[in-house]
Amino acid sequence: MPSDAALKRAEAKKKRAERKAASLAAKGDTEQAAALAAKADEITPITSELEKVALNARNTTGVLASHEQSRDVKLINFSLTYHGVVMFEDTTLELNYGRRYGLLGPNGAGKSTLLTAIAEQDVPLPDHFDIFHLKKEIDATDLTALEAVLDVDAERKRLEAEAERLIEMDLAESDRLTSIYERLDAMDASLAEAKAAKLLHGLGFTKEMQAKKTKDFSGGWRMRIALARALFIQPSIMLLDEPTNHLDLEACVWLEEELKNYPACLVIISHSQDFLNGVCTNIMHLQNRHLKYYSGNYDQYVKTRAELEENQMKRYQQEQDQIAHMKNYIARFGHGSAKLARQAQSKEKVLAKMVAGGLTEKVQADHSIDFKFPDCGKLPPPVLMVENVSFKYPGTEKYLYRNLDFGVDLDTRLALVGPNGAGKSTLLKLIVGELTPTEGQIRRNAHLRFARYHQHLEDQLDFSLSPITFMQKEFQEELKEIEDARKAVGRFGLTGKMQTMPIEQLSDGQRSRLIFAWLAMTRPHMLILDEPTNHLDMETIDSLARAISGFEGGVLLVSHDFRLIDQVAQQIWIAENETVTRWEGDILAYKEHLRRKLEEN
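Under UniProt numbering, the sequence shown has 23 at position 23, and the numbering climbs by one with no breaks.
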């Protein structure tokens, strides 16, 4: 039977075809682009069938403890296994109306699986809950982006039927009915188009793009359309899995402002602490197969958890000291005089009662990873010179850049920001030599080695191999011994069974770690990082930030993660209006600048 790994392979194949189609279309080769787009559409039914197989791999149990008509959800004794692996065990799943939850936990722990289980209603939820799960992009059809957002007839009919049902049940004064009418009002034809257009605009769509067919957009832009549609519908439970991964910083700020007032129930998986701080009212922490709940945003969670764990360790230590004292007394006097023996027996009873009542557990620290990029050696400046460079893609009239002139050395720590479409990734490709300037030249030191991280590197992984086998195949001279290969991937958090299982069975975050291990083996002088935090958990991002800070070479970074930029960047450049300009301030000041721009608009 095909596994979820087969689903991932099919999805990866589809995305590769879509990316190539978008690239060919940008270069003017519309005929070949159309052929590849059609190929991607042929894969869609395959992924749909494989999704059904993946669904059958989940086994979920739980008891609904909340009232059938409540807008809140509480499941007790909740357990979930996936392909035989226990991810949740006898825990409580609780979602309250009006709350915005950030779901935290390490890569591979089961966060995305939980969202899928809720969305597919593996758990016994009442029928009146409508759920939107932002898992994949909107379908590629002849509908325009605006029409795709407005295509809510089925949802409108469902809400109207639900309203009639509540009235028949004499619940005309209920909060549920009020919220349903508010949602129906928002879908009213006289208001709907303006609202949908505003949502798309916030996510980066111009008027021309809103009138463009969804089939003509890349997967990343269709994901934005799906997000706009979710915000337009405002379901009673919205599930967002890394919603900022396809957004630039400006769109991230807009989405944060949009979600911070979301009226129903929202669950977000995000690696961005800054984003969670701005949106969340509660944090759900997945630890040791149990969900623990905290009030407040991410910073409040960190503070509260630290205080609770400090108190827990004090109780644990007090109990251990007490137990050690009693055991020592029993060992010394258990066979002494009658009086001492009776006292020893009394202490034995106290000890047995303590154990039966449950002892305080020792605090288990989150597993930390220490990434390290190897020393690269020195190169005399200038390492790289961009001289009067202009660039446009062949077959297009619009220049992305004109007359760029700057230098980069091994002490450069630069974050490149700006709106999607401004050419941030294009500039990185020009710097490494993947693209050639239309005008001008880029001079590089003859010994300069780049390590360029980007989201499409996963295409170069052989999913049938294990991480160790893959690395030994890629670096046959350097990693002849299996222990050397183990150390190479272990330094980036791939340990134990993860080292020997097929890459197709690793989570997206674990594959990202493998890619960093692979790049580190090239001993680069300069790290070129294009959205390196996608799929990484927060502990891994912090490890990456420490590794970048300790790296002795140059760093050029494109990221939507404000916190990572704040940790590693010494300069911020803005790419827009066919050039790059230096931002005189830190990244938090830039975020505030973007927020003010939104308020003005």
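These aren't lab readings, by the way, just hints derived from the structure by calculation. Just to be clear, a hint being listed does not mean it is correct.
[Stated by the list, open to error] With a straight-line Cα cutoff of 20 Å, these simulated SDA-like cross-link-like pairs (lysine to any residue) come out:
#	residue 1	residue 2
1	Lys303	Lys327
2	Lys74	Thr281
3	Lys327	Val302
4	Lys362	Lys392
5	Lys372	Arg595
6	Lys198	Thr522
7	Lys398	Lys353
8	Lys597	Gly278
9	Lys292	Lys398
10	Lys74	Lys157
11	Lys372	Glu478
12	Lys392	Gly278
13	Lys74	Asn277
14	Lys314	Gly358
15	Lys347	Gln364
16	Lys157	Leu184
17	Lys353	Arg342
18	Lys429	Leu457
19	Lys260	Glu599
20	Lys195	Gly219
21	Lys398	Ile574
22	Lys497	Gly84
23	Lys372	Phe475
24	Lys314	Val302
To see whether the hints hold, each was checked on the structure:
Distance check on the hinted pair: Lys303 and Lys327 sit about 36 Å apart at the alpha-carbon level, beyond 20 Å; violated. For the suggested pair Lys74 and Thr281, the alpha carbons sit about 18 Å apart, so the restraint of at most 20 Å is met. Simply put, Lys327 and Val302 have alpha-carbon atoms about 37 Å apart, too far for the 20 Å limit, and the pair is violated. Between Lys362 and Lys392, the direct Cα distance comes to roughly 60 Å. Violation of the 20 Å bound is thereby established for this hinted pair.
Under the criterion of a C-alpha separation no larger than 20 Å, the hint pairing Lys372 with Arg595 is inconsistent with the structure, at around 35 Å. With a C-alpha separation of about 46 Å, the suggested pairing of Lys198 with Thr522 is violated against the 20 Å cut-off. With a C-alpha separation of about 78 Å, the suggested pair Lys398 and Lys353 falls outside the 20 Å cut-off, and the hint is violated. Between Lys597 and Gly278, the direct Cα distance comes to roughly 17 Å. Compliance with the 20 Å bound is thereby established for this hinted pair.
A distance of roughly 52 Å separates the Cα atoms of Lys292 and Lys398; the hinted pair therefore is violated under the 20 Å criterion. Taken as a hint, the Lys74 and Lys157 pair is broken in the structure, with Cα atoms around 27 Å apart against an allowance of 20 Å. Taking the CA atoms of Lys372 and Glu478, the gap is about 17 Å. The hint holds against a cut of 20 Å. Taking the CA atoms of Lys392 and Gly278, the gap is near 37 Å; set against the 20 Å cutoff, the hint is violated.
For the hint linking Lys74 to Asn277, the alpha-carbon distance of about 25 Å lies beyond 20 Å, and the restraint is violated. Note on Lys314 and Gly358: the hinted pairing holds, with a Cα-Cα distance of about 16 Å set against a maximum of 20 Å. For the given pair, Lys347 sits about 29 Å from Gln364 by alpha-carbon distance, which is inconsistent with the 20 Å threshold. A hinted pair counts as satisfied when its Cα atoms are at most 20 Å apart, and Lys157 with Leu184 qualifies at roughly 10 Å.
Of the supplied pair hints, the one linking Lys353 and Arg342 holds, its CA atoms being roughly 17 Å apart against a limit of 20 Å. In summary, the hint linking Lys429 to Leu457 is supported, as the alpha carbons are separated by about 14 Å, within the 20 Å threshold. With a C-alpha separation of about 15 Å, the suggested pair Lys260 and Glu599 falls inside the 20 Å cut-off, and the hint holds. Taken as a hint, the Lys195 and Gly219 pair is broken in the structure, with Cα atoms around 23 Å apart against an allowance of 20 Å.
Taking the CA atoms of Lys398 and Ile574, the gap is about 19 Å. The hint holds against a cut of 20 Å. Of the pairs offered as hints, the one joining Lys497 and Gly84 holds, with about 16 Å between alpha carbons and a cut-off of 20 Å not exceeded. Taken as a hint, the Lys372 and Phe475 pair is honoured in the structure, with Cα atoms around 18 Å apart against an allowance of 20 Å. Pair hint Lys314 plus Val302 holds up; C-alpha atoms about 18 Å apart against a cutoff of 20 Å.
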